[in-house]
Structure formats: C-alpha cells, structure tokens
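Asks: Those protein sequences? They're chains A and B, same order as listed. The opening position of the first sequence corresponds to residue 1 in this note's numbering, with each subsequent residue numbered one higher. The opening position of the second sequence corresponds to residue 1001 in this note's numbering, with each subsequent residue numbered one higher.
No wet-lab data here; the hints were simulated from the structure. It cannot be assumed that every hint is accurate.
Stated by the list, open to error - Here chain A is said to cover these stretches of chain B; the calculated rule only asks that three of the stretch's residues, wherever they fall, bring their Cβ under 8 Å from a Cβ of chain A:
1. 1077–1091
2. 1100–1114
3. 1117–1127
The model shown is predicted, which means the values in this text are computed figures rather than measured ones. Glycine is no exception: its CB is placed at the ideal position from the N, C-alpha and C atoms.
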Amino acid sequence: MVAVDGLGWWGVPLAIFAGAIRVSTPYLLVSLGECITEKSGRINLGLEGVLIMGAMAGYGTSLATGSAWAGVLAAGLVGALLGLLHGLLCSLRRVNDIAIGISIMLFGTGLAFFLGKPLVQPQAPMLNAIPFGFWSSSPQIQSALQINPLFLIGIVLAVVLHYAFRYTRWGMQLRIVGDSADAALALGLRVLPTRILATVIGGFLAGVGGAFLSLYYPGSWNEGLSSGQGIIAVALVIFARWEPLRCLWASLLFGGAGALGPALQAMGITSGYYLFNAAPYVLTLGILIATGSPSRTLAGAPGELSLVRN
Amino acid sequence: MKPVEMVAPATGALELEIMGMSKRFGDVVALDDVSLHIPAGGFHALLGENGAGKSTLVKCLVGFYTADQGTVLVDNREVQIANPKDASQLGIGMVYQHFTLVPSMTVAENLVVARGALPAFINWHEERARLSDFMATLPFKIPLDKPAGSLAAGEKQKVEIIKQLYLQRRLLILDEPTSVLTPDEADEALGLVGDLARQKLLTVLIITHKFREVTAYADAVTVLRRGRFAGSGALPELTIEHMAEMMVGSPVAQDVAPRTQHTPVADVPPRLLIDQLCAQGDHGLPVLRGVNLSVRPGEILGIAGVSGNGQKALVEVLTGQRGKTGGTVLVNGLPYSGRRKEQTLNKVYSLPEEPLRNACVASLSVAHNMSLRNYDKPPLARWGWISQRAMRKQANGYVETFRVKTPGIDARIQTLSGGNVQRAVLARELSHPVELLIVANPVFGLDFNAVAETHARLLAARNAGAAVLLVSEDLDELLELADRIAVMSDGRIVFETPAEKADVRELGHYMAGGHEETEVMQ
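Here chain B stands alone, though its shape is the one from the complex (with noise of 0.2 Å):
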C-alpha cells in the first residue's frame, strides 16, 4: 500500500484491553463488566444476540457513549476516550451498522471531509491525485463521483470500509459490515482487513452474525449475552456448535425447519407472472429493463443479484411504492398494480427490507401496526368504526404466537429492536392465508434464533401453497430456501437455474455482469 498522509501519531496495529467496562441506560443495565483483549494485529469477532450489548460496548470504545465504569489501554496505557475526536485521534475507527457517508457528497467528497484535519481551501486537484493513487491499492472499484447517496447498500458498504482504511486507523471496529454484501464482496472487504491485520498495519473487532466469517477471519472469539460476558476463545479450536451455545446459553436446535425435499411443482398457472416489466429510479433513471418471470404455487422463487441491479425497485413495484414505466404484471391471471383491493382479493403480503420503513408506520403503537393489514376489515371494523378491543386482542395474540418481544402491545414500534419490528411483520403478513408472499432481505441484522425462525416461517408459508418471491443479496440464504433461483442483473433477470442444479460460481458470474460477455461470445 502506499502511504498516505498519516493522521495517528503512531503506526501499525495497536493493542487493545477492555476492562470492566459496565455502561447503563436508565434502569437498564446494557453492559455490565464486560473485559476484552486483543494483541496488536489480532482479528477479533464480537458475538451475541441483538440485545446482548455488542454495540454498547464499541459505541463506549469510539465515544458515542461514555462507559459508567471500565478502562481502556491502547498499547498498555490507559486512554480516556470522550467522544469520537478523541478515538479517531487514537487512530480507532470504527464502521457503522447504518451508514455515516454524506448522502449528497460524492464519494471522493466523503472520502476527503473523512480525514477530519481539513485544510481551509481545497485543492481538489491534489486530493483527486491522492484518492487515485489510494484507489490503486484496493481490490474494489468504486465510483469517485457519484454521490453516495445513490449507491446501493453494498458499495456504500465498501466506500466505509475504504474511508476506514484510507484513513490508516490502527484498529478497525466493524460492526456487522457484510449483512448487505455478497460473500464475494463479503471476502473481498474481509480479505483485505485480514491481510492488513496479518501484517500488523491493523488490529480487527468485528461484530458479526456469520459463522462463516468468524470460521475463515477471526482469531479469537468473545461472545456477550445479555450485557455480560458469556465465553471466549481461540480458533480455529473453537467450534461453531460451542459458539452457538454461549451466544443462545443453551444448546441451539441445529436446524428449526430442515430443509424439505423440492417438491415437484404441479404444471399449473403462475400465480406472478411479470412480463417485460419496466420501472425509473428515484432519479428518473430506468432501474428495470424488461424483467420477465414468473412464481408458481408452492414454489420459492430466489432472486439473486449484487445491490443496485433492480431488486429494490422490483420489491417497490410490487408492493405498490413505486409505479411502473411498461410491461405487465399478473398475479391469479389479473393484472396487479399493488393497490390494497387488489392485494386483499388476492392475498398479497410482503415481507419488503427495512421492515420499519417500508412495513411500518413508525410512530404508531405495535398494536396499530399490526392492524394495518385489516384494520377496515371485520372483526376489526364494524359499519366503519374500528373496535380497539378486536385489535388488542388481534395485537397480544400476535405478540404470543410471534413471541414478538416488546414493553407492551401500546409501545410505539420504533422502540423494538430490529428483530422484533421483523417478528411483528411476520406476525401481520402470515397470519392470514398467504396466496403470494414478496420478501426482500428477511433476515437482514437478525440475530441467530431470529434468522432460523424467519426462514422456517418462509418455509411454512411455500409449503402450505404460498408463491414465494424472496429477493437476498445472501447467496446462502437463497441456496437453503429458494426452489429456484434468478439473477437480476442491471435491472433484468439474466439467468435462471433450479435451486439443486445451481452452482455458486456460475451465479457469481451472472451476478458480476457476466452475461454480457457470454452473449458476445456466443
């Protein structure tokens, strides 16, 4: 790597020690005595369930919070850390679960405010020089002039990794940074964090959900449940059975919902079928270009692709937020356009990503939220008036079956964890018989029980007859669930294989673009 214009006083990886570290909200304990070690140029994973106090902790380390009790030594001296100046002045960085680019900035923009210590002028023509030599280094490629609002999940992933590393931080937090990446963007981010941490340039703390990373990146392991330190150890002597068990504090059922044999799906009419679907961006750009396909009952269709090739404007389409441009779309033979009476009559519900925002009214009450599906519908409505009654019942028995965890059925939704919003989702969306079921991303920062829960209840759902359209950017996910499997690519499905044949490293191909250089060579 060439060097780039130091901001920590001290190079290399740095040695981190966490002790004691206790942090409370209220009457809440979030973090109680928690210690933590980890050698310069060590690769770090942080285990545990939502809820057990993994981002307090490094939310703590980076200054967003000040811990009530604990010290933190960086190369064995004892460091005050106030607020995120002072971490970053340390040389600790940290990438978020949300994203902290500046939406309306341009990547190369973002990248230069970044190094903090900015010059009253700008010469952007010496910090353009600096970016492409920087750039040079990386294994990825990204757009320096796009804004970054207008990336798509995984590259904004990425440009926060690069930032991180372009501002040569000596310790790297990453909290779940692939739950929007492929695995191959995943190893590509991964790989180069591991190698700098191989080399002693960066010492790694990630929180993460998959095993798989853990198993092929990480050293050592330190798994938290609820706010207290659960367990730790080396890998690879660690298994993943053993780490399940810290994080759970009890033997984890292997598979909730094993996969059931593909059943052959009777030769009947598609109950979606999309024909030369066309659809323009929040920019008036086109982000579907003629998408064809078609979901039969009873069968999961998978939709496969990199971030930004169409698959949020094809969920939008569907579940009504975005209109469509050309092309038809069908649902039981009728045309469809998303609009309630027809999602009514023919039992289309949706599981779309970012459930609080695009499922969800957020300030309303779990109560209300989960009658948004049939709040004008008997029981719940009589003659126009909505009776409270039916839809706190509705609510608790909801809550129940769902094991929804929430301070009570009148909290406003947003004060749920990310799992539990997705519980409520589920709740309202699969309560009632499910004719076509749109799922983008279901699992997307849920924890362990919550992922296995959600893919069995997907699982349910096909097999008592549901179509099932499940977009994921999780290759994996796809290859468990799905009967058969499409890549969208550049806002059109470019490839299309039954689940048992298919062959990640043929999909990888179609999902990088590939079938543009198929077609020419054939």
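Bound-form chain A, shown alone (with noise of 0.2 Å):
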C-alpha cells in the first residue's frame, strides 16, 4: 500500500507529531503530578495504578453522568485519595515511600480491575478535542491537528510550574521541604502536611491522565489500557531532572516514539512493527544511560529524595 492522497511520505512525520500529542498527554500530566512530588521529598512509584483507577472512573462517570468533563473530574478526585492515602502511610514513621508506592500501583491495579468489569462493553460519551485543523483541506492535516484541550492544560501547567517553583512562596516551601527537611524545620516550615499535599495533587493530575486514556485516546475501558505509561512517567521525571518544562520536552520525546509504530503501519509499513512499538523503553533505556555517569551524582534531584539520600 502507497500512501495515499497529497502528502505521501510527508503523512510519517505529520503521524508522528499528530501521535506525539496524543501519546504524550499522559504521560505530560502524570509526570508533572509525580514532579510536584518529588520536589517535595516523596517518591510516588503507584502513579500507574493511579493512572489506572483514574481511567476506570473517569470512564464510569462519563458513562452515569452522560458527561466525559465530570469523568474527568472523578478520575482526579480518585487519584488525589489514592495520593492521600500513600501520602498518609508514608508519614507514618519507618514506612519506606518506595514499597508504599509499590503496593498502590498493584492495588490501584487490581481495584481498577475488579471494578471496572461492567464498564468495558457500554460506551461512554468521550472528551472532544478540539479542531485547530480546520483551515487546511487535507482530512490527514484536520486529523492531526485535532487537539484535546487536557493537553493544552497539561503545557500551561507546565509553564506555570517552571515559575511557580521559584517565583512563589508555595515553589520555594516545597522546594525546601524537598530538598532539606532540617532546613525546612529549622524555618519553621510544616514539612509532613506540605508532602501529602504534594503527593495529593500528584495522584490528582495521575487521575486525570488516566481518564485521557480511557475517554480520549485509545478511548475505551479494558485491562490492556495502560502500557506502563505510569511507571515510565516516573522514570521520565527523573530524566527531565526535575523540571516541569524539561518533563513537557521529555513526554513529546516519549510520545513520538510511542506514535512511531502506529504511523508506520499506517504508511503500510508492518514489518517490526512490535519492534517500533517497543521504541519508547529503548529510549527510556539509552536516555538513561547516555546521560548517566558513574562519576557524577545526579543533578538537580531533590535532596530529600530516598533516591539520592544517603
């Protein structure tokens, strides 16, 4: 199969961009979630469980309310309870955020499964996006430039944060309570409360990502849903070296390696096609290695991180 009509070969990069987008959203709010988080001291490892709850009821109240805005709202709200609650078993004393993490993304999981049975024949009402293609003719231009408004939030949240980390009073506590809880006490800074804060509104943005997946793309409930898109959101994090704007570069980076498989198909090209598929993890791997060093510690971590701690 040729491509068809006037872009030809010009159809792979538009593919791309156009899957970029789509691809990315998720992980562009997971991993802005699990930024706030980090620079807070905590380490979320459950955001794909989140993710998952997060698109079982966002997808269910879209499909009781009629509405997919209100599935979006409720896949927030489920993921800021499931962010309290690792917020709050990680406060407890001697409780490692890691392992904690660990048992929300299985339970998250597991929960999201059992009770999202009925929801994966109904179909429910989904988000719309919206149409910045409308001035070209060409339907492959319309259909890439068709842009859901959660990733245009996803951007300027992604700015907004860039400045609110040092611009604002809220950044710098966090930042401080992240970096050095002695520091933090020592100014008198509640340094609990602001991290299951921090966490909180980590899980909320996990939620809503989520529901991008099951009411926008691919649009649909079932245990296949997520391919891990929450862990490599965390993974991402890190890479971006805990920057809300790098994280914005980093998820259109996954994003596209994510759409190359889908836009190769879609030009005809099948061969390897689980190979392409499997594009992302190969960054996620080369990245790491490239910009990791034995000699160096890693820049720009939080402090306070059980990552870096020592």
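Take the two lone chains, each set in its own frame, and fit them into one complex as the hints suggest.
Replies: Right, here's the structure in full:
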C-alpha cells in the first residue's frame, strides 16, 4: 500500500506529530504531578495504579453522568484520594515510600479491574478535541491537528510550574521541604503536611491522565489500557531532572517514540511493528545510559528523595 | 549597616536569662538545672566537653526541644518558646553545627526564603537589589548564584552567619561556627559578630572548643559538665587553664604529646609520590589540576588551604573514593589506585573527615565497623568464614585501648558521639603497623581531650615510621604537627615550606590565592 493523497511520505512525520501529542498527554500530566510530589521529597511509584483507577473512574462517571468532563474530575478526585493514602501512609514512621508506592500500584490496578468489569462493554461519552486544522482541506492535517484540551492544560501547567517553583512562596516552600527537612524545620515549615499535599496533587494529575486514556485515546476501558505509562512517567521525571518544562519536552519525545510504530503501520510498513512499538522503552534505557555517569551525582535531585539520600 | 526590613518587632541586642533549665531524654539527664545570664550586647561563650549538654541547652532555647523545666526571660519578660518559629519571632537565631542551607537552592534563594514571611509571589529583581545592598555591608564575598550544596564547608558556614545577620537577629547562637573555617575566616566572621555586639545590636552566645576565640572575643564564659553548671566567669580575668579545668573537672595535663623535635628525615625514597594528579568533582568540573607532592617515611606533610580548593578530592582519590583523570600516584614505588588489595599490601590507612560517613557503615555495629579492615583475614576469618568471637574480641580490645565510650560493641556506630566514632576509627586504623596514613581534618568538632589524644596518636604513628599526609583547614593544627607544610589552592600545590620556617602570614597569602599575583609580578 502506497500513501494516498497529496502528502505522501510527509504523512509519517505528521502522523508522528499527531501521535506524539496524543500519546504524550498522559505522560505529561502524570510526570508533572510526580514532579510536584518528588520536589517535596517523596517518590510515588504507585502512579501506574492511580492512572488505571483514574481511567476506570473517569470512564464510569462519564457513562453514568453523560459528561466526559465530569469523568475527568472524578478521575482526578479518585487519584487525589489514592495520593492521600500514599501520603498518609508514608508519613508514618519507618514507612518506605517506594514500598508503599509499589503496593498502591498493585492495589490501584487490581481494584480498577475488579470495579471496572461492567464497564468493558458500554460506550461512554468521549472528550472532544479542538479542531485546530479547520483551515486545511487535507483530512490528514485536519486529523493531526485535533488537539485535546487536556494537552493544552498540560502545557500551561508545565509553564506555570516552571515559574511557580522559583517565583512563588508555595514553590519555594515545596522545594525547601523536598531538599532539606532540617532546613525546612529550622524555617518553621511543616514538612509532612506539605508532602502529603504534594502527593495528593500528584495523584490528582495522574488520575486525570488516566481519564485521558479511557475518554480520549485510545478511548475505551479495558485491562490492557495502560502499558506502563504511569511507571515510565516516573522515570521521565528523573530524566527531566525535576524540571517541569523538561517534563514537557521529554513527554513529547516519548510520545513521538510511542507514535512511531502506529505511524509507520498507517503508511503500510508492518514489518517490525512490535519492534517499533518498543521504541519508548529502548529510548528510556538509551537516554538513562547516555545521561547517567558513574562519577557524577544526579544533578538537580531533591535532597530528601529516598532515591538519592545517603 | 544599611537598614534591612525588620523581622522582629523590637530592635537591638536583647538581654537573655535562663533559669533552672532541665531536660531529660528517657533516662538520660541531658541538662540539669542550668542557669545563665547574658546582658544585652554580651558575647558569652558556652564551654564543655562533648555531651556536656551545650547543644541541648541551646536547642531548648531555640525551640527545637522543649525543656522539662526552667524559664527563659527575654528583656526581663518571661517568654514561651515552643518551636523555632517562636524563637525567630523573638529575634533569636542560631547557626547550627550541621548546615541548614537548602542544598539545591542558590545562596540568594536561601537568604530570601530564610526571611520567613515570603510574599505569595516573589519579585526577584527587588530581592536581588536588597541582597546586593546588604552584601555590600559585609566583609565577606559570597557568590549569590551558586547552589548552596556546591559551596565548601567554610563558605557554607559563612552563608549561615550571613543569613542570621540578614534577618537582623537580636540574639545569635553560634554552635561551633568556626570548626570548618581558617583562622582568618574565623576572625572575619567572629570579628563582624563581635562588632555588632559591641554596638549593642546583637547579643551573642557561642559554643566553641577554641580557647583562642574565647579569649579574643568573649566577655564571659559559662562551663557545663555532664549536663550541669560547672562554673562561670568574666574575661579576661579567667585563664585558659582555669576554663579547661572546669571543663574536665580536674587539672589537664598540659600537652599530652609534646612536639618531638623535628628529626631530619633520612634521604630515603618517598613512600607516597603524587605526580600531576588530576581529578574531577561531583559535577564533572576539574577539582585537582596537577597536584605534585611526596611524603617520606617518618614525616608528616601538612596540606593547608581554604576549604574547597581540592583537598577533599585529594583525600578521596587516595582513599579510593574518587577516580583520578590523570597523573600518577605511587606508593612504595608501585602504582596505587586505592583498591583494597593495594591498601593492604602497602599498609595504607586513613582517617577521612566526617568519619561516620567516609570511614564507617553507620548502621552496622561498633564491632563490625572495627573489623572493616580485616574481617576477611586471619584471625578474624578462616576459610572464608568469619569468627564472631574473634571479631568481638578485637572490638573489645579496641574499645578498651582507645577508650571508646559506647553502650556496647553491638551498638550501631551511628549512635555514638562524634568523638567516639573518631576513636573507633582511630582504633581500627592505627592498631596495625602503618606505612602510609591519610588524614583529613581529624579533630573537626572534637572536644579538648579528644583533640589532644588524636594529635598524640598521629605523632606516635609518625614516630613509628609512618608517612603521614595531614590535610587540615586548621593552620594551628598543621603548625603544631607537621614537619613540612604545603598549601593547596585551586586544585594545585602552590607553596611548600619546612614547618619550622613556616610563617603564618606567608601561608595565609598563598591560601588566599596569592600565588597568581606573585607569578605575574615575577
């Protein structure tokens, strides 16, 4: 099969662009949330479970209320609840945030599959995209420029967070708590409430990211919905060195890599389809190896993160 | 000083009175009925050995701990200090022994967040202008845009003091503020604080082990011993001998190991020879830029320098904690890269700074830590099996010989006080024949007796024929112990002199980076 209509092979970058935006949105939302959480000195590995719970809750609510946006809100609230659970449990003495994160991941995934059984068949109302390609007559361009508002919200959020970490009291306090609990105490800041709140916000965003999966792309509820986006997003935050704007670029990069396989398939190249689908994971490994160094410490890491604390 | 926005409602030095303060931790009485009075503008020194209760007292005062008993009067009014915020509201600030800077934030950000009441949105332009104005009034220069974590210990401590001055404190508590500063830096810092006290802008309470600083700056002294008041007096009437006596409770032997006359080192090949050594720091920047030095058996080579000029990296390369990027290190003429095998073969031992972090596994027991050098060798190990009995026997022996105060050899080493961790490491490193000893800031934060003891052990190792490389930020220590002194600046050795010909002024000149000027002039 040769590419139809006027675009020819230009269809591949276009499809990757469109795919990048679609695929990157959950990465973006989850990684921004995790960025906030990690800046406070906690790591929430449970976001994969939060994401899937969010997807299920969002789909179910959309089905029940008929409003996809109500679904997004419900997904966020469920995510926030799971974040609260993580935050509270980790505030107990001698509780390790990584272990709690893994249990939240398994708990969230399992609970979502259990509660979501009746949601596999019915079709819930979906989120609408904004047609930015209205000026073009090419259906490919039109479909590529169908952009979901959640992606735009994610971009705005990344920019806002970038400045908020440096220019607002809230951002500075979050960074202090995440960087040095001693310093935070000496300044009279409340360490645990800050961390719990940061984890709740992180959970909210991860839940919204889940709603994007079930209510927009791929846009259905089933058990194979997430292929580890929640976990990759956590790695992505490390790769982005805890910088919201870099989270944005990294999400787009991962999204683009994830869109490579489907884009080539659409062009008729089917050999190595699964290999191309593995691109994001290869990319993760490659980037971590390329940017890592045995002789340098991880620059920019919040000092209280159990990942880097010694 | 230019006026900076006020935090405390009242200004100027405050008068402090503590009456009958007590604090227990479980069964341990850390503080027992201690009273203290400092008039406004006083510069009061708090002395005592490690564990005497000094830190507990000041932590109660700034609200980190809540005292079980006792009252605090500020300007003759009773006050309740339940948390550090209350203390800061009263204008009481503290420079801690450990740093409280936020490592990944820049100095400027650290100073601004310390102000406490931050606006919801921070106008960095305005804050920078205010900071520059304030910095212009100081005798220090501190890079505002460097992350605090990348500063050397000396610089960090300066920022801590500057932070308190920036907040216009009325009472400043300094907890061993100069243990990481050079004498000149210490004089700069304390001189500034002392001036403010004299102008009645600040009352100062300082915890220190350095009598030089007490006699130079303080006007009164309170001594604690085992949590109790052990004496007080005004300066300059009180003599150093008298203070030392109050601290230890008995007359102190003047000099535990008098400096043996410099024995001319025979012309033997150097035991440690370093040629053009280069290494990178944690952030990939070069920190050692071609270090050349040699140490012969039976001599102590002292490395002087302002902290942050590569001394730390030099020690890390020699102890195997950091890889080198260029140059050669020879020990007994053989290439040396700090591996365990080479250390054993050449009998290389080390006493790095912060021994709990660099020489111990904090969560292992005292006994395990004491066997880290030889757990895999007879008599501790046979056929690959470690004998617990032999290990415990060795540990008990060390504890006794080196007088390590520990609840037992099974206690985790991190529960010991700094001085006793140091003793435990000394015991492990010096109980076997030593050919090369690498030492860095060995008496950081140690009390009077522990300092004398550590110094005596280093001299004993030297006299027994070990080559000792002693890195220290304390010039007095180097002048007392070293046979030769080399100055390190900007990752290089820039000056070297026999100790008996060393001139403090000249050393200071090179430490401050004076070699560059000199080179140009020549």
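Asks: Just pull the numbers of the violated hints for me, sorted ascending.
Replies: none
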